[in-house]
Structure formats: C-alpha cells, structure tokens
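In the order they appear, the protein sequences are chains A and B.
Position one of the first sequence corresponds to residue 100 (this note's numbering), numbered consecutively onward.
Position one of the second sequence corresponds to residue 162 (this note's numbering), numbered consecutively onward.
The reader is advised that the hints may include incorrect statements.
Lysine-lysine pairs mimicking DSBU-like chemistry, simulated, CA-CA at most 35 Å apart [what the hints assert, rightly or not]:
id	chain 1	residue 1	chain 2	residue 2
1	A	Lys143	B	Lys376
2	A	Lys143	B	Lys281
3	B	Lys366	B	Lys321
4	B	Lys376	B	Lys321
5	B	Lys281	B	Lys366
6	A	Lys154	A	Lys143
Some chain B residues well away from chain A (every beta-carbon gap over 10 Å; in silico) [as the list claims (entries may be wrong)]:
id	residue
7	Thr169
8	Ala226
9	Thr231
10	Glu269
11	Arg338
12	Gly384
Derived by calculation from the structure, the hints in this document are not laboratory data.
Just so you know, even glycine gets a beta-carbon here, dropped at the ideal spot from N, CA and C.
This is what each chain is made of:
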Amino acid sequence: MTWSEMQPLLTQACQDTLTMVGWAVLIAVLGGLPLGVLLVLTDKGGLLANAVVNKVIGAVVNVGRSLPFLILLIALLPFTRSVIGTTIGAQAMIVPLAVGAIPFFARLVETSVREVDHGLVEAVQSMGGSTWTVVRKALLPEALPSLISGLTTTVIALIGYSAMAGTIGGGGLGDVAIRYGYQRFETGLMLVTIAVLVVLVAAVQLVGDLAARAVSHRTRTA
Amino acid sequence: MITTTGLTKVYRSRGRDTAALDGVDLHVREGEVYGVVGRSGAGKSTLIRCVNLLERPTSGTVEVAGEELTSLPGSSLRAARSRIGMVFQHFNLLSARTVQANVELPLEILGVSGKERSRKALELLDLVGLSDRGRAYPAQLSGGQKQRVGIARALAGDPKVLLSDEATSALDPETTRSILQLLRDLNQQLGLTVLLITHEMDVVKAVCDSAALMKDGRIVESGRVTELLATPGSELAHELFPVGGHPSGEGSTVVDVTFHGESATELVISQLARTYNIDISVLGAALETIGGRQVGRMRIELPGRFEDNVVPIGFLREKGLQVDVAPVGGTPAGTAPVKEAVK
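Based on the provided sequences and hints, a complete structural model is requested.
Right, here's the structure in full:
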C-alpha cells in the first residue's frame, strides 16, 4: 500500500475517531460532572447528605464501570439503534462511548471534588452561600486543575474504547487496524496507524497538562 | 448582640454520644470584643460554628442582632449569615481567585453589581493595608497577608458581627500582634462586635473586653476582663495575669494585690510598712495592658499569720486595692495553669 492510498483512509479514520471521541467526551462531561458532584454532596456528612440517593448513584456508576467496554458496546446495540437509527458507523458509536465514559468521568470528578478543602465550603456558607453557590463558586473552580487532568484521562480512555468500536463496524482508527492490519496484513498501514495513535494520545496529554497548569494558582509562581 | 441559650451539641459516633457543647449560655454585648478561651476539645470551635449555624446545635437557641437564627428557614438563614463575617484559622481563601476576587465573593453572593463590587473590594483591601496586592493570588501571600484578605472578605457584607475562629493560631507572634491590632481597630472604627475563640491567653489579654473560659463543653467562667481581674479566685484572671513568687517560710501571709489604672501601689505599700511598722517583702510583681487598660498585680508577704494581718489588709482594701489572700504554700487551689501547645 502506498502513502497516497493510505492517506485518504487515515484521514477519514482520524476524522471518525475524533468525531466519536469528541461527542462522547462532551456527553460524558455533561453527565459525569453532575453525577460526580452529587456523589460527593449526597455522601455522609455532605451538604445534601442522602444515603439512598448516594447508594443509587454509586450503584449505577459501579455497574457502568464494571462492564468491559466491548460488552457494553454490544449490550447497548438496541439502545443505539433507537437513538441514532443505525448501529454502524462513527455516529452510532457515540452512544456506547458516552455511556461508558459517563461513570468513568463521574468517579474522577468525585475524587477531584472530594479533595477540595472543607474549610472553603464553610467559608462560602458563612457568607450566606447556598449549596449551589458552594458548588459553583468553591467546589468546581477549586477542583478545576484536577478536573482537567481527569478529563484528559477520560479522553485518552475514550480513544482506546473507540478503537474497539472498530471491531463492530464503528469506523475510526480501530476499524482501519482491523480491516487492513488484521484481515489484510497491511503492516505498513498498521505501523502508521500506531504512530498516529501515539501522536494523538501524546498531544491530548500535553494539552491537558498545560491547561491544568494554566488554571492552577496554588504555587507562589502561578 | 449575640446570645446563646442552653446550647448543646451532641455528636453521635458508633452508637456513642459525645457532648461537644453542654448547655452554653453566652452573651456578647454590642461593640465588644469577646474571647472564648479553652484547650482544644473544650468545644470552642463547635460553639463558634453554632453561632452562624454552620453546625446545627442539638438544642438551644442562637440570637444574633436581635434575630433568632435557630428558627429561620434556609433562605433567611443565608441572608442572616451574610451579615455575620467569619475569619478562619487556615484563612480558607479560594486559590483559584485573585485576592480582589476573593474579597468580592460575598458581594457576588449578595448580588452586588460588578462595578460596585470592585469598588467595595478595593476599599476593603485598603482598609486592611493590602491595596497593592489585589491582583495577586493567595498562594503568593504570606500568612499574615492571607488573614488580612480573610478579614477584608469577612467585612464585605458590612457585618455587625465578626466571628474569628482561631484567626491568629497559624501565625507567628509578630503577625499575630498586627492582626489583633487590626481586629481591635475595626472594632473601634466600625463598631464591630467581635466574638473570637482562641487557645492563647495572650490574645485575650491583647484585645478582649470580655472573656469566657470553656471546659468540657461548658462555660465555667465569664465576664468583662477588668471585672474578672477584680474577682477573687478567678481562674481566668489567674491565667491572664499570673504572679509568681513563693513565701519565704511558714507563718507568714501571702497577699496578691491588684490595682487598676493609675493608682500607685508602691506608695501604698511603703505607707503600709510605715504605718504598721512591719517588714513587707515583694515576692513578684507585674504590670500589663489588658483590654487597653493598665493593670498591675503584686504578690507580697506579710509577717505573721492571717489573723495577725487583718488590720494591714483592711488598710490596703481601704486604699481601693483588690486584695486576695493566697493560701500559704503557694498558688491558690484549683488554678492550675492552662497550658497548651501551639498548633
């Protein structure tokens, strides 16, 4: 396979991967952020301490986290069809990727938010702040550097998950690796795919680290 | 200004109840600086958190500025809290915000417009002496500067009452002095009522008009500092103002003489010696400024037993001095010094 043959394939695959991961990350943040915050707030001693809600959210998150992604992918096929109308292609893969990423990100959010000093919560309360104010003005801004690191981890995990989506016709770089690398022994294309993934993951990590550092003002020099 | 009635707080852990507050009646007058002292674990921290209901008392009521907080629903309680400033031992500044944005936070919560917020924040930073650090982040400040920001922030809602939770306990002695001075100035300039808790007697000595001693969740002694000093056998007075010195031998009477303001004890003592022709030895003496007033205390030894000294002691009392007769053999019973390691 020549480079000119590989290029359109790879371009399309990269686009598909980025589409899948991009949308899934967006949905994971929208879903995981509130869940993670709720896990902290509803926990014993939390601002909205509620054992039942906490247990329910915790259980849902745990089930989501314990299923291997490939199984989730297959189990969700009917759901995917009802949402997107098809089970094939990059668009269809957004559904299982998002469903898999929500609990993943929620746990990371929970850890980040839990690390925020309780004194800051007290400070905002003493000013007359409501629980929502505490979340908005103290918990989330103070956890931001850590949340960004968590987001970076989630994006990288999703790039990995998205490759699995290739095995059931999901498109993207995983699809290329299966169809050309595995089924046709196109070693050249396989190597290029690996290189692209390595570069992609490294770039995500770099951007994530820089962003986390940019929003952190915890050190004297910041 | 602040009144708590029968305040109790019981923590339940693993089926066992621990009372952090055991029926606390506290009364802080308007415009005074009131210090609650005690060892760690005495319940001071729980008490101050119950005043603005950061912790809900198990029973009892809290009244601040004529409003009974314990009966308020959520939204009115939040409004009431915004009129009570609070400063913390570990400052509790938001690291993600600049100094100015930290001071603006209470104003954001109150819904003050952006322009007015920054005007007010700059004014407050100027008041605490940090007008040039508005754009810095808390991590770039020293401990004393952070506490100044904490104080500026606490004042943003124009509170009538300021609660101080060990505000100087994480600071070095010199910074402590300057922060206490600031609190005193604010108390005088703004008429701010300050309730502070501390484990350091020096803090009470430096700024408090009134004080209370807490032990095992109860207030065991309280009152105006000057009155406490005038109370025979007061534990707080003894802690605030220890005079050392042991009698030279048996068969003598040891007397602690306390004088306030301008009265010159030395003169009285020499008069005493001349009038009754007795030898007086001074065992220890100290002069201190407590709550902005000069107070002196002297421990003297008179020859002979107490019965032999009734007349000289009467003479001292007549001269307007407070006289406590110390039991022979050293310090009065039940006044073991409150000592605590600085955290």
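Hints, verified against the model:
no.	hint	verdict
1	A:Lys143 <-> B:Lys376	holds, 29 Å
2	A:Lys143 <-> B:Lys281	violated, 38 Å
3	B:Lys366 <-> B:Lys321	holds, 23 Å
4	B:Lys376 <-> B:Lys321	holds, 28 Å
5	B:Lys281 <-> B:Lys366	holds, 32 Å
6	A:Lys154 <-> A:Lys143	holds, 11 Å
7	Thr169	holds, 20 Å
8	Ala226	holds, 14 Å
9	Thr231	holds, 16 Å
10	Glu269	violated, 7 Å
11	Arg338	holds, 24 Å
12	Gly384	holds, 28 Å
Checked against the numbered hints above, the structure breaks hints 2, 10 and satisfies the rest.
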